[in-house]
Amino acid sequence: MQLEVHDLSKIYKGNRGLLATGFTIQQGELIALVGHNGAGKSTLLKILGGWLIPDSGEVRVDGIDLKNRRALVRKIGFVPETPNLFDLFSVEYNLILFARLFKIPVARIEATLTEFNLIPFRRSKVQVLSKGLKQRVSIGRSLLADPPLMLFDEPTSGLDFDMTKEIYLLLERLHASGKTILFTSHRPEEIKALATRIMVLHQGSLVFDGSPAEYFESHIHQNLYS
Amino acid sequence: MIRNIALLTFNDLAMALKNKTLYLVLFIPLFVFLTLELVDNNGTDVQQIKIGLIENGDYPAGLLESIETAEGAFEVFWFVSEEQGTRWLEERNGDGVLVPTKESGGSLLIVLEKASFETLVIVESIAELQRAVEDRSNWISEIRPLQDAAIQRQMLPTWILMLVLLVGFIVLPTQVAEEKEKKLLLGLLQTPIREAEWLLAKIALGTILIAIAALLLHLLMTFDSEPGGRLSYLVFLLAGGFCFSAFGIFVGFLCRTQASARTLGVLFYLPHLLPSALADFSEKLSSVAPLIPSYQFYQPVRSILLDGGEVADFPLQLLALVGVGLLASFLSWWLMKRRWLM
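These protein sequences, in sequence, are chains C and D.
Numbered per the numbering used here, the first sequence spans residues 3 to 228.
Numbered per the numbering used here, the second sequence spans residues 98 to 439.
Check the hints yourself; a few may be wrong.
[What the hints assert, rightly or not] Here are some, though not all, of the chain C residues that point toward chain D, as calculated from beta-carbon distances under 10 Å:
hint, residue
1, Gly-52
2, Arg-76
3, Ile-78
4, Pro-82
5, Leu-87
6, Phe-88
7, Asp-89
8, Phe-100
9, Phe-104
10, Ser-140
11, Arg-143
[As the list claims (entries may be wrong)] Estimated spans, in silico, between C-beta atoms of each pair:
hint, chain 1, residue 1, chain 2, residue 2, range
12, C, Asp-67, D, Pro-387, 44 to 54 Å
13, C, Gly-134, D, Tyr-120, 28 to 38 Å
14, C, Arg-76, D, Gly-405, 49 to 59 Å
15, D, Arg-100, C, Ile-55, 25 to 35 Å
16, C, Ile-121, D, Tyr-120, 25 to 35 Å
[Said to hold, decoys possible] Here are the simulated lysine-lysine pairs, BS3-like style, with alpha carbons at most 30 Å apart:
hint, chain 1, residue 1, chain 2, residue 2
17, D, Lys-115, D, Lys-280
18, D, Lys-117, D, Lys-280
19, D, Lys-211, D, Lys-147
20, D, Lys-279, C, Lys-136
21, D, Lys-115, C, Lys-133
22, C, Lys-127, D, Lys-279
23, D, Lys-115, D, Lys-434
24, C, Lys-136, D, Lys-280
25, C, Lys-133, D, Lys-280
26, D, Lys-115, C, Lys-127
27, D, Lys-279, C, Lys-77
28, C, Lys-133, C, Lys-194
29, C, Lys-105, D, Lys-434
30, C, Lys-194, C, Lys-136
31, C, Lys-136, C, Lys-105
Hints were generated in silico from the structure; no laboratory data involved.
Predicted model, so just to flag it, every value in this text is computed and none were measured.
Don't be surprised by glycine CBs; every beta carbon is placed ideally from N, CA and C.
With the sequences and hints as input, model every part of the structure.
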């Protein structure tokens with residue numbers, strides 16, 4: 003898996019958003035995308051996840067262009083900050099609907115329910131679940147098609163300590179299974195514990211791209227959290 | 098493609114059931130039926146009967162004299178032919194037309210509805226005049242209604258229009274905006290479905306809801322019609338369902354939230370409902386109404402249900418409905434591709 007991003011931009015009113023950004027991500031990397039609110043982190047992830055249409059630039063995953071959405075959805079799984087599930091329906095229904103749209107065997111749903119400890123909640127309506135459980139369903143759903151690249155937008159936002167730890171373990175497990183992961187975060191300890199590479203966005207521009215060691219020694223980290 | 102559309106339509110119907118939208122579509126025909134049942138039981142206040150007579154008609158002796166003498170009860174209008182009188186009646190300018198018949202030596206009374214309060218008043222009043230002059234012949238030998246329907250049937254096209262527009266401009270924009278607001282549509286676009294499949298599923302949802310509501314209304318009111326008329330009616334119901342479902346989806350795409358979709362939906366709903374439904378009662382409205390897509394649905398449906406019209410009589414209206422539907426579908430698809438207000 004290889005993700006190539008060239009001169010990608012998306013400008014909102016007031017010159018905010020993402021300014022001509024470019025980078026390449028290789029198979030098996032676990033990358034933390036860091037920056038202040040409004041730095042362009044979520045915008046970047048939403049463009050890669052197909053939620054936003056960029057103003058300009060080019061994105062390719064294994065040579066497949068971002069414009070080829072129907073092919074790309076099998077390459078990229080996107081987990082938004084707020085789970086976008088059909089909350090009037092059960093956990094199982096949410097998984098079945100997406101499995102059918104992806105034409106994935108129903109047996110995969112059982113495996114997902116087991117893998118994410120969702121068996122006791124399979125018939126529960128999503129609206130009655132805690133945010134942590136909804137996040138689990140959301141992640142499980144995005145992994146149904148087994149995409150090689152996973153995008154997580156602030157995966158631990160609003161979660162308690164136990165659930166946060168669970169998400170860390172999940173990210174590590176997915177990384178160990180060979181998936182490439184790009185996640186946004188505001189938590190230095192999260193970045194330190196998980197990331198193999200760190201990218202920093204500031205006012206829409208990529209201002210740092212390097213290893214965690216380099217990042218924590220750099221003035222960028224000092225400025226960001228001072 | 099068909100599989101995905103069926104799957105998404107089922108999902109939309111399940112959502113309509115869960116968020117109670119389906120109940121709205123089922124209960125409105127019931128309320129309409131109950132209301133009309135009550136309306137039909139009320140009397141009508143007829144002050145003066147507007148009766149049409151044919152010039153040089155061979156009426157029973159004493160009939161013309163009696164009617165003209167009873168000025169307080171009758172207002173007389175003269176016509177050169179039965180056709181002219183019938184047209185006057187169809188335009189709802191009068192209560193009945195008396196046409197002399199050679200066979201019976203009496204008169205044929207043409208009315209709008211046979212079983213109506215106005216008809217009863219005409220017959221009773223003429224019978225009273227006949228008794229007064231002690232004439233034993235048949236002044237009224239036959240009664241012929243122009244429309245053999247009660248108020249329920251007269252109002253049916255308006256209720257059908259109301260249901261179609263309700264689904265189109267209230268139900269669908271809200272559902273589309275809900276899917277946008279909760280990022281459900283973006284979630285579905287993370288699967289290999291085509292944008293067109295999602296759109297077709299939504300149009301199918303609208304058409305199914307309209308069909309359910311119309312069917313329920315017909316079942317409650319137990320109307321009968323000719324098989325040819327049924328087919329024409331079905332064609333226009335499907336064309337209207339397609340047109341206003343597509344229009345409603347487009348309205349939903351113009352909104353970011355459910356609240357704004359409800360407001361915008363009403364802003365489209367009323368200008369489509371009122372001019373079309375009231376066009377029969379106003380010359381000004383009848384000249385404005387044809388500019389509105391809803392009239393291209395209302396006019397043929399009214400003609401098919403009440404006057405025995407057929408789909409072949411309204412090719413332009415059918416084209417207009419399909420055209421507006423296609424245009425709205427294209428615009429929705431275009432906005433969807435651009436992730437408009439998502």
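Can you list which hints this structure breaks, lowest number first?
none
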